[in-house]
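*Asks:* Take a look at the letters that make up each chain.
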Amino acid sequence: MTLWVLLIVSIAFSTPLVYIAIARPGLRLLALRPSIRRPGQAVLVVSGAVLATAIVTSASVLGDSLRASVRRSAVTQLGPVDEEILGEGIDRGRAIRSAVDRAGGSSVRGTLSLLGLVTTVRGRDFIARVAQAQVLEVDFAEGSRFGGDPSATGVTGSTPTGDAAVLSADLSDLIAIKPRHRVTVYAFGAARTFRIARVLPRLGVAGLATPLSPSGSESFNLFVPPGTLAAMLASSSRDRAGGNVGISTQALPVSIVAVSNRETELGDRRTSAAVTTQLRAATSGLEVEVHPVKQQLLDDADQRGRSFTELFRAFGFFGAAGAILLLILMFSILARDRVRSMGILRAQGLSRRGTFAALVLEGWLYTLVGVALGALGGLALAAGALLAARDAFGGPIAGGVELVFSARGGSVARGCAIGLIVSLSVVTGTAAIASRRNIVRLMRRMEDRRSIPKRSAWIACGVGVCPAGIVIGATGITIANPVAIVAGPATAALGVVLVLYTPTRARWLMSIASVAVFVWAVLAVTIVGTAFTHLGTGVVVAVGLVTTLCGVTLVAVNHNALVRPVIRSGRGGPALTLGLAYARTALLRTALLTGMYATVLFSLTLVVTIGQLYGNDVSDLSRRLGGNSALEIASNPVHPVPPRDVAQLDGVNHVAATAAMRAQMQTARALSAGSSAAARDVTVVGFDDAFIGHGSPPLASPRLAGSGLWGTPDAALYRTIAGDQTKVLVGADLNADRLSGFATGRLRIGDRVTLRNPATGTARTLTVAGLVAAARYSGSDHVYAARTVFDQLLGTRASSNLLFVGTDAGVNNDVLAAIVDGTHLANGAYARSFERLARQSVSTRRQFLDVSAGYAAIGLVAALVGIAIVMIDRVHERRRQISTLRAFGCRAATIGRACRVESAVIAFEGTLIGCVCGLLVAWRLSSNGVLGQRLPFDIPVFPLLLVAAVVVTMSLLAATVPARRAARLEPATILRAGA
Amino acid sequence: MTLSRPDVLIAQGVVKSYRTEAEIVHALVDVDVTVRDGEFLAVTGPSGSGKTTLLNCLSGLDTIDAGSVAVDGVDLASADDARRTEQRASSMGFVFQTANLLPDFTALENVTLPMVLAGTAPKEARRAARLAMEQVGVDHRLGHFPSQLSGGEQQRVAIARAFAKRPRIVWADEPTGNLDAHTADQVIGLLRQLHADGTTLILVTHDVELAAQADRGIEVRDGRVATDRSSKRV
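Respectively, the protein sequence lines represent chains A and B.
So for the first sequence, the numbering used here puts the first residue at 740; every next one is plus one.
So for the second sequence, the numbering used here puts the first residue at 1032; every next one is plus one.
Hints are supplied without guarantee of correctness; some may be wrong.
Distance condition first, Cα-Cα at most 20 Å in a straight line; then the derived SDA-like pairs of lysine to any residue [as the list claims (entries may be wrong)]:
1. K1193(A) / A1219(A)
2. K917(A) / T900(A)
3. K1154(B) / S897(A)
4. K917(A) / T895(A)
5. K1193(A) / R1175(A)
6. K1193(A) / D1130(A)
7. K917(A) / D840(A)
8. K917(A) / G901(A)
9. K1193(A) / I1055(B)
10. K1193(A) / V1179(A)
11. K1193(A) / T1272(A)
12. K917(A) / S897(A)
13. K1193(A) / A1245(A)
14. K1193(A) / E1054(B)
15. K1154(B) / P764(A)
16. K1154(B) / R763(A)
17. K1154(B) / D1106(B)
18. K1154(B) / G1182(B)
19. K1154(B) / T1243(A)
20. K1154(B) / I761(A)
21. K917(A) / G966(A)
A short list of chain A residues far from chain B (calculated; beta carbon distances all over 12 Å) [unchecked claim]:
22. D1038
23. D1076
24. G1088
25. L1089
26. I1178
27. W1197
28. N1367
I should point out that these hints are in silico values taken from the structure, not numbers from a laboratory.
Bear in mind the structure is a predicted one, so any value in this text is a computation, not a measurement.
Quick reminder that beta carbons are idealized off the backbone N, C-alpha and C, glycines included.
Can you build the whole structure from these sequences, using the hints too?
*Replies:* Written as structure tokens, this is what we have:
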């Protein structure tokens, strides 16, 4: 829909110009000839359109590529598996398959029975490594036939027998185990060792995702001989025959029946939905769960692709803004020159409309070329960004996604249409202004007299704008819209300025308004915190634009006052005096240039600072994840690690025992727009009072309106929930994208969620009573409920298979985790320090921010091109002044230096504004938890100094050519000829 | 014979002021001028007297604050920019002190373009342009760009541009100001020759000798018409 609107607008914009180009030969000649005679100017205007289009197109193509990559990874991984039917217990597969076969749906191509159990395995190479893996049993011959395409199943060779096992590539990488190495499986209190026969790729049946893998999509699979799990379970049952505790469903193996669909004319999504419905009907009464796994994975992939696209789009926006400002700058210079030469034609009868049409036609031609080249540039840019992001996506947290280049025609068309519309808007606006110039002054090559509208016009305009701004702001606060909250007061302030404006009070009025709006934009994040809940494109763009605009206005109106003392004193020599004086000329164009620098530096500063804050956050994040505990120890529910064993270890000061299980969570509101509307996998932690203060993670917002829990301290709220079977705590970061930080609609206190045991279908609907500051780690969102709720979900009394361990200061928690793993392997122990989990999370986030920073830096190209062009233009405009100065004895070197000073001053002002705005915004965002959690603010001094130094140095280099031109002007020639 | 011709331009009570940051400059004060069809009028006066402003206001290049200006029966004072532009396109030609040629167009194109923009068919415009350039003696420079022409040649092209479309009035503002004496004589000769074909010529100059060649001369001082006289020729 949007694409069609864009295309229609583009065509509507272009049609009259096509007519003019065909039917008005005079205007056509006026438009075409300069581009042929002055290719340099043409190239510069085209470059603005190229950059704007390239950045917009690349953001879309990047989105396509990310989506396609994640989807490809998902499709490849699942291969022929479209749905899964899960049933608790060993012998459920046959019954399930019979039910499916009896239903005889024509859309089902085939079924495959597997048996799986998530448990602890240990690789035994030179160094023993422990991991949580999915131990699977399947008939390999049947597995390779499944779905009709053996190459898509990933299953090769014969079914392992005896002590042989087959490993998936992901697990092989994780525990550094290769063929012929040994792997031990710990389950049901028993252990069994296998020799690895071969490694299978992450593909099809071999690539079934392991529950609770870091990204939710890795396949940490170990294929063991059929019957292994039954034998281990039987041996465990014999050991417990004296029987104090039965094996709960918390620990039983799961029978998995994979279903492969036929291709139908309904398409994959509708086919999968229809088959899922059929399967549910066919298996009703069997107490099994049917999951359209491939569609869920694809939906999730789309969601992740959109999040990443939004991240790049937000920071790419500032690059595009720089390119648009460059286009305005270039075309205004070009239009000025064209209109000057058209002055005589205006005198001889060329109408204002004709001048306008000729200018727009010329701009349109440049825009067409620019858009075409920009589209190609966008494709190249996206390819480069993909290359840079390869490592970040290839990491384990991101799910080891192999990035592939993909560009949909619609995305490229959208980029081109946006580039064309934006460029033509700039061209049309600039041409409209240029064509209104006074003919007499044009021919005399004089600037127009500054026409100041009547004060009544200012007031009328201001009276209209100010209330509109107030309404926008008030509405924004009411509906918690961050863009309106920032833009409304800015608009209102503009209205006030217009009402009160007179030339004499312009400086103070604009300064006060700029400072007021700036302060509001920065503090709104705190004052109206409910609207700024996550780092979205709107927040970044609105706050970034308003703050940099205020900064640029403040500096522009006060530039004279700031540099006057230096100019008056004459300190620094004539070059500095001249350079500072020159930097205050052409106020609007200088402000545009400063704005280009400021917007780009704002985004760079924001990204660099947020990256640093995340980097500094490791210890805080580990505290947020684990509360007062330093370690988490997961173990086999049948034979869990005894808490007293851990408590006796050196350095351990407390152990809190909880129960954990995988469940599916559904919520109508938060996930309604999301792809995985069906359910989200979560880890439910069932706790009692022992957990409080000894592992309970701190809360982000400990209150429940109307429930009497308002302002309740963390411990009190945990205590309340421990005894309440209707409430649950969820992560404040539950629905935020795990890598970009961009949220997709979070849960709020008071929302109702349904937790479902996927094995039994037992469900409980609970109310969110609080938000845990950070609850996402190990590839899973954690939710916290009373132990009794947990037991209800499980259908029996749960064992304590998740321990939270507090340690003394100075204890190396990673070493302690390794000790627990080593000493309690028989219990399937899998221990990790929260600091390690935090490090993993932070490192991946920083990788993504680095890629974003590179993307934002593209805008710098526009700024540097802009300053070079403006300086060349200024030297050209000032050639008479310069010649006069030279005639009076000013040295050529002084002129050149003055040119460089001017360039450096503009770059420095823009850089300073951008850095200050970026730092202040990052400060407020981090302090208010908009970045996912409250982060202690810290200025990345060295990186920012480096960025500033590089920018100013590059600007000086960009001014080299104009400085040389200025120094080489021959005063005699210029003064005599005047041209 | 001349006296019986109709008035092509009637200006009455023309007032024009400029507002600068420091003061208001009264450039024209209650100026009355009437020009007959086919007349050669010279406007003289010292620097800053307002003669170029008068030309701009009478030709519709600039607006006036008060009074009336009628060219060919069209009231330019009350006309909007589009109407004034149309009037200039249909009945006026201009020659300025500097040739003001478009640097990116050849000499022939510079002459052709105003006609094409006014709606003349390109072929017809080219024919008229060639003829005009032949008349002013630059027909051997048709394909040259302005930068390849001498100052005199540029001014001839500018004259050809002004006369090519056969306007009722040609306004010349110091057309010889940038030229040496020999070239200036040639240019004035050309203007006279073209005026002889029936075009009204209004020449702004501070050169008394040049003004003396006109049918009639008015002298502007301090924004007012100080004298209005017929020259010896008349």
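*Asks:* Are the Cα atoms of K917(A) and T900(A) separated by 20 Å or less?
*Replies:* Given that 20 Å is the threshold and the Cα spacing comes to 18 Å, the pair holds.
*Asks:* Tell me if the straight-line CA distance from K1193(A) to T1272(A) falls inside 20 Å.
*Replies:* Distance ~44 Å between K1193(A) and T1272(A) Cα, so the pair is violated.
*Asks:* Over 12 Å to the closest beta carbon of chain B is the bar; see if I1178(A) clears it.
*Replies:* violated (5 Å)
*Asks:* Run the distance test for K1193(A) versus E1054(B): straight-line Cα separation, threshold 20 Å.
*Replies:* holds (18 Å)
*Asks:* For K1154(B) and S897(A), compute the direct alpha-carbon distance and say whether it is at most 20 Å.
*Replies:* violated (87 Å)
*Asks:* So if I understand the rule, the pair passes when the alpha-carbon distance is 20 Å or less; does K1154(B) with I761(A) pass?
*Replies:* holds (16 Å)
*Asks:* Are K1154(B) and T1243(A) close enough, with their CA atoms no more than 20 Å apart?
*Replies:* Violated, at about 57 Å.
*Asks:* Are K1193(A) and V1179(A) close enough, with their CA atoms no more than 20 Å apart?
*Replies:* Violated - the C-alpha atoms of V1179(A) and K1193(A) are around 23 Å apart, more than 20 Å.
*Asks:* Could you check that no beta carbon of chain B comes within 12 Å of the beta carbon of N1367(A)?
*Replies:* Given that every Cβ of chain B is farther than 12 Å from that of N1367(A), nearest at about 72 Å, it holds.
*Asks:* Using Cβ atoms and 12 Å as the threshold, tell me whether L1089(A) really stays out of contact range of chain B.
*Replies:* violated (5 Å)
*Asks:* So if I understand the rule, the pair passes when the alpha-carbon distance is 20 Å or less; does K1193(A) with R1175(A) pass?
*Replies:* holds (18 Å)
*Asks:* Would the pair K1154(B) and G1182(B) pass a check requiring their Cα atoms to be no farther apart than 20 Å?
*Replies:* violated (28 Å)
In this structure, the earlier hints numbered 1, 3, 6, 7, 10, 11, 17, 18, 19, 21, 23, 24, 25 and 26 are contradicted, and the remaining ones agree with it.
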